[in-house]
Structures are given as C-alpha cells and as structure tokens.
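**Q** Listed here are the chains, written in short residue letters.
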Amino acid sequence: MGKDILSLRDFTKEEILFILEQSQKIKERGFSPLLAGKLMACCFFEPSTRTRLSFEAAMKRLGGECLGFVDGASTSLKKGESLLDMMRVIGSYADVIVMRHPLEGSARAAAEVTQAAVINAGDGSHEHPTQTFLDLFSMQECQGRLEGLSVACVGDLKYGRTVHSLALALKHFGGRLYFVSPSSLAMPADICDALRDCGVPFSCHESIEEVIRKVDILYMTRIQEERFVDKMEYEKVKGCFRLSEKLLSGAKEGLKIFHPLPRLTEIPPSIDKMPHAYYFEQAHNGLYVRAALLNLIFGVEL
Amino acid sequence: MSEKLSVSAIENGTVIDHITPLCGLKIVLALKLPDQKKRVTVGLNLASKSLGHKDLIKIEGHTLSEEDASRVALLSPQATINLIEGFAVVKKFPVAFPCFVEKMFDCTNPHCITRFEPLTSGFEVLSKGGKVELKCRYCEKVFAHDAH
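These protein sequence lines are chains A and B, in that order.
Just so you know, we're using this note's numbering here: the first sequence kicks off at 458 and counts up by one.
Just so you know, we're using this note's numbering here: the second sequence kicks off at 6 and counts up by one.
No lab work stands behind these hints, which were simulated from the structure alone.
Glycine included, every Cβ here is placed at the ideal spot set by N, Cα and C.
Be aware that one or more of the hints could be misleading.
As the list claims (entries may be wrong) - No farther apart than 30 Å at their CA atoms in a straight line, the calculated lysine-lysine pairs in the DSBU-like style are these: (1) Lys671/A / Lys460/A; (2) Lys482/A / Lys470/A; (3) Lys133/B / Lys37/B; (4) Lys146/B / Lys688/A; (5) Lys628/A / Lys136/B; (6) Lys615/A / Lys133/B; (7) Lys615/A / Lys140/B; (8) Lys615/A / Lys96/B; (9) Lys96/B / Lys470/A; (10) Lys615/A / Lys136/B; (11) Lys628/A / Lys37/B; (12) Lys695/A / Lys146/B; (13) Lys482/A / Lys517/A; (14) Lys484/A / Lys495/A; (15) Lys470/A / Lys133/B; (16) Lys460/A / Lys108/B; (17) Lys146/B / Lys470/A; (18) Lys96/B / Lys146/B; (19) Lys136/B / Lys37/B; (20) Lys460/A / Lys140/B; (21) Lys140/B / Lys470/A; (22) Lys628/A / Lys54/B; (23) Lys615/A / Lys146/B; (24) Lys146/B / Lys628/A; (25) Lys482/A / Lys536/A; (26) Lys37/B / Lys536/A; (27) Lys460/A / Lys146/B; (28) Lys470/A / Lys688/A.
Claimed, not checked - Rough simulated footprint, nothing fancy, chain B against chain A, three-plus residues with beta-carbon under 8 Å: (29) 539 to 549; (30) 560 to 567.
Let the hints inform the model, and build the full structure from the sequences given.
**A** Structural data, given as structure tokens:
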C-alpha cells in the first residue's frame with residue numbers, strides 16, 4: 458500500500474479487507490502508543506466535526522501529536538498564497554497531513570508536492586475515502602459480511618462524496634445497489650459507468666418506498682437546499698427522502714440505517730431508538746478505522 | 006483542375022497524412038511545430054480518395070516522435086504518419102492513442118484543482134467502443150473527447 462490515502466480507486470479489494478481487519482484489531486485490543494513522536498497536521502479548508510476530531514483523537518490515542526487549522530480563511534490563502542506552496546511547507550513540518558478542501562483533486566495535488574503522507578478528508582464532491590472505510594467496517598460489523606449486500610444510497614447522490622466513494626468500494630463485493638434521489642441529484646454518470654463495467658447491478662428510484670423491503674443497508678444523505686436553483690423544486694422533493702417509523706415498518710428486520718452525519722430532517726430523532734438506527738455506531742467506528750490507517754501509513758501492522 | 010497534390014515533395018522528414026479537415030492547424034499548434042524552426046508545409050482541405058477531403062502536414066528534416074504521433078491521434082484518429090528518406094516513404098503507420106496525455110487539454114470541471122493551481126494537466130485516455138474519453142488524473146471526472 459502506498460503512503461497516501463486519496464481515492465478508493467487506488468485500493469484493491471485485498472487492501473480494503475486488510476484495513477478493515479486492522480481496524481477490528483484496534484477495536485478489540487485498544488490503542489497502543491505506537492506513533493509516539495509522529496506529528497499530524499489537520500488542514501481543514503471546509504468545516505468538519507467528526508472527521509477532524511476522530512483523526513485527532515486517533516492520533517493522540519496512538520501517542521502522536523496534532524496541529525493545524527479548521528478554517529481556510531484564517532490562513533495565508535487569504536494573502537493569495539497558492540494551496541500547493543502552503544501544503545509543501547506544512548508537509549515539511551509534519552509527518553502526515555489530513556486535508557479537506559472544496560476543490561476536487563486537491564488532495565492528490567498536495568500529495569505531489571510533499572514527502573509527508575496525505576490523507577484526503579474530502580475534496581469537493583469527489584471523494585471521502587476514510588468515510589468509506591468506516592462505512593464498510595460498520596456494514597461488515599452489523600451484517601456479518603460485505604459480500605452480496607443490498608444497499609440503498611438515498612438523497613444527494615450528485616454532490617455527495619461519501620456515496621461516490623461508497624459505490625466505488627462496493628463494486629468489489631458484489632451485491633445490489635439502489636440509488637434513490639431526486640432526478641436533479643442523481644448519481645453521476647462516471648460512477649454508474651464504473652459499476653456497469655464491473656457488472657454491478659444497480660437501479661435508480663425516486664422514493665424510499667420502492668426499495669425499503671429489499672435492502673440490508675439504507676445509507677441516508679442530507680439533501681442540501683443550496684444545491685437547488687429552483688427553491689420550489691427543493692420544497693417539493695425534500696419530504697420524499699425523510700424517514701419515518703411508518704416507512705420503516707416495511708423494512709427487513711436486520712436493516713440498518715447509516716448516515717455520514719450531520720443529519721437534519723431526513724432522519725428525525727424518533728428513529729434513534731429503533732434497532733435499525735446504526736449511524737452513531739458508524740461514527741464511533743471512525744476512531745478505530747482512522748487509527749488503523751494512521752498506523753499503516755507509518756508501517757505499523759497489528 | 007489537377008488532382009495532384011499541390012504541396013511539393015520533401016527529401017527527408019515526416020508527412021502526416023489523412024488528417025480530418027479543420028484539424029491540421031490544431032495539430033501544428035499542439036506539436037509546437039513553428040517553435041522547432043523546421044520547414045513546415047500545411048495543406049488544408051485537399052482532395053482525398055479515401056476521405057473526400059483531408060488536411061496534410063509535411064515537416065522537413067524532422068522525424069515525428071511516438072509521443073507526438075499519439076498526440077496527433079487525439080486530434081485526428083485516422084491520420085497516418087509517413088517517414089520520408091531520399092524522397093521515398095520508408096515507413097508508414099497509423100497513429101495510435103496514448104494511455105496518458107499531459108499538457109494538451111484543460112480539465113473542463115469548474116471545480117477541479119487544476120483550474121486554480123499551477124499544475125500540469127494530465128488525462129488517462131479511455132477508448133470504449135470507438136468513443137474516446139479523457140479522465141482527469143486529479144478530479145477523476147471523465148469527459149467525452151469531443152468536449153475538447
């Protein structure tokens with residue numbers, strides 16, 4: 458495995474399974490300070506709660522240290538410095554950079570200018586690979602397997618980088634995908650083409666009702682009002698992608714609900730107490746998966 | 006009007022033949038031929054038995070590299086390369102797509118990092134059922150080649 462974590466497309470099935478196995482070992486055995494003396498720089502040009510804090514928590518629990526910033530506006534980018542210049546210098550201070558940036562391909566560009574390892578924590582609407590690793594880990598945990606799962610991705614599939622990375626990863630494990638979204642927020646053509654090339658069956662739907670009885674995992678994402686030019690269209694569609702106890706009454710007993718968070722109205726708090734709700738366990742697993750990735754970047758295998 | 010080529014023969018060099026009409030000048034610029042100080046003759050919209058009409062480029066004293074031949078393929082897939090020695094064609098071959106191309110195109114994704122930072126553009130060339138697509142190495146968005 459190369460030292461950067463930029464895109465799911467860079468990982469083979471075997472490498473993905475190895476990462477999940479390492480994550481499981483950390484979850485079972487606890488953390489060891491194997492990264493003492495290592496420094497992680499968190500460079501977040503877009504807001505983040507879970508990703509940033511889980512990386513910082515993981516690094517500190519592994520004995521390492523962290524520094525960084527949470528808002529690009531407070532950096533020298535405001536003075537007109539190029540992103541690449543900034544990342545080249547930061548990479549000379551730290552051993553690993555965790556980076557979230559609004560432009561697509563930014564993490565790969567940064568990786569080219571620094572010897573430090575670069576972890577893509579989200580680049581525009583392109584990918585969010587570490588989210589996908591924790592999603593896969595959580596799916597394996599709650600369903601006992603990854604092969605042959607039926608997974609519905611719901612909500613904003615056009616701009617949702619988490620579902621882009623997830624769909625690409627799931628192509629390794631067979632199974633059946635269902636894409637549920639307003640037509641204006643459909644899964645991009647290049648992802649659909651990649652799935653067709655690998656023979657992964659998928660279908661597109663406009664309501665959760667059409668798929669609720671068939672799926673093992675319901676992966677919810679937030680539909681953002683700001684993505685709609687026509688606000689009336691937003692008002693029309695936002696309710697179609699909202700869960701309710703009534704809707705879930707038709708689900709398989711073992712169905713689990715995932716969400717990369719933050720959730721707003723698409724999952725009402727009344728769902729949290731249902732056995733189907735798995736999104737908080739999913740977020741918790743981010744700690745172990747990101748710890749495993751940090752270990753592997755520094756050549757530490759459990 | 007004579008059906009003969011109105012462009013004179015060259016003693017040694019390269020002839021790029023069967024260029025799709027309107028692509029000849031694009032190829033001259035893409036290969037930076039004016040910068041190389043070689044004598045270049047360009048024929049536009051010439052009669053062609055096989056294509057109906059074609060563009061043609063003759064470069065004296067220069068053997069086109071494989072890399073440049075593959076860049077020609079991206080602009081005119083049915084072009085042919087003729088290497089000339091002593092006024093005779095010593096080698097003739099069709100152009101072939103490269104696996105990867107740098108610097109020739111700009112990414113059309115408005116949110117790609119290459120549009121904001123000093124980066125060399127690079128695309129994986131994908132050929133599917135006669136259609137050519139370019140995949141940006143940074144944002145990984147795929148574009149139909151016609152977009153360029």
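**Q** Give a verdict on every hint.
**A** Going through the hints against the structure:
For the proposed pair Lys671/A and Lys460/A, the alpha carbon gap of about 39 Å is over 30 Å, so the pair is violated. Simply put, Lys482/A and Lys470/A have alpha-carbon atoms about 19 Å apart, close enough for the 30 Å limit, and the pair holds. Distance hint between Lys133/B and Lys37/B is fulfilled; the C-alpha atoms sit about 29 Å from each other, no more than 30 Å. Between Lys146/B and Lys688/A the alpha-carbon distance is near 28 Å, which keeps this suggested pair within the 30 Å criterion.
With a CA separation close to 24 Å, the supplied pair Lys628/A and Lys136/B stays within the 30 Å bound. About 24 Å separates the Cα atoms of Lys615/A and Lys133/B, which keeps this hinted pair within 30 Å; it holds. Proximity of Lys615/A to Lys140/B is assessed by CA-CA distance (about 18 Å); at most 30 Å being required, the pair is judged to hold. Distance hint between Lys615/A and Lys96/B is unfulfilled; the C-alpha atoms sit about 49 Å from each other, more than 30 Å.
Proximity of Lys96/B to Lys470/A is assessed by CA-CA distance (about 45 Å); at most 30 Å being required, the pair is judged violated. A hinted pair counts as satisfied when its Cα atoms are at most 30 Å apart, and Lys615/A with Lys136/B qualifies at roughly 24 Å. This hinted pair does not check out: Lys628/A and Lys37/B have alpha carbons roughly 43 Å apart, beyond 30 Å. Among the hinted pairs, Lys695/A with Lys146/B is consistent with the structure: their alpha-carbon atoms are about 28 Å apart, no more than 30 Å.
Restraint check: the Cα-Cα separation between Lys482/A and Lys517/A comes to about 18 Å, which is no more than 30 Å; the hinted pair holds. Distance hint between Lys484/A and Lys495/A is fulfilled; the C-alpha atoms sit about 21 Å from each other, no more than 30 Å. Only pairs whose Cα atoms come within 30 Å are accepted, and Lys470/A paired with Lys133/B is accepted, the gap being roughly 25 Å. Only pairs whose Cα atoms come within 30 Å are accepted, and Lys460/A paired with Lys108/B is accepted, the gap being roughly 27 Å.
Among the hinted pairs, Lys146/B with Lys470/A is consistent with the structure: their alpha-carbon atoms are about 22 Å apart, no more than 30 Å. Distance check on the hinted pair: Lys96/B and Lys146/B sit about 38 Å apart at the alpha-carbon level, beyond 30 Å; violated. The straight-line distance between the Cα atoms of Lys136/B and Lys37/B is roughly 26 Å, inside the 30 Å bound, and the hint therefore holds. A C-alpha spacing of about 23 Å is found between Lys460/A and Lys140/B, which places the hinted pair at or below 30 Å, so the restraint holds.
Between the alpha carbons of Lys140/B and Lys470/A the distance comes to roughly 22 Å, so the proposed pair stays at or under 30 Å and holds. For the hint linking Lys628/A to Lys54/B, the alpha-carbon distance of about 48 Å lies beyond 30 Å, and the restraint is violated. At most 30 Å may separate the alpha-carbon atoms for a hinted pair to count; Lys615/A and Lys146/B meet this at roughly 13 Å. In summary, the hint linking Lys146/B to Lys628/A is supported, as the alpha carbons are separated by about 18 Å, within the 30 Å threshold.
For the hint linking Lys482/A to Lys536/A, the alpha-carbon distance of about 45 Å lies beyond 30 Å, and the restraint is violated. A threshold of 30 Å between alpha carbons decides the hint, and for Lys37/B with Lys536/A the separation of about 36 Å lies outside it, so the pair is violated. Restraint check for Lys460/A and Lys146/B: the C-alpha separation of about 23 Å stays at or below 30 Å, so the hint holds. Restraint check for Lys470/A and Lys688/A: the C-alpha separation of about 41 Å exceeds 30 Å, so the hint is violated.
Coverage of the stretch 539 to 549 of chain A by chain B holds. Counting CB-CB distances below 8 Å, 3 residues qualify, and the rule asks for three or more. Given as covered by chain B, the stretch 560 to 567 of chain A passes the check, having 6 residues with a CB less than 8 Å from a CB of that chain where 3 are the minimum.
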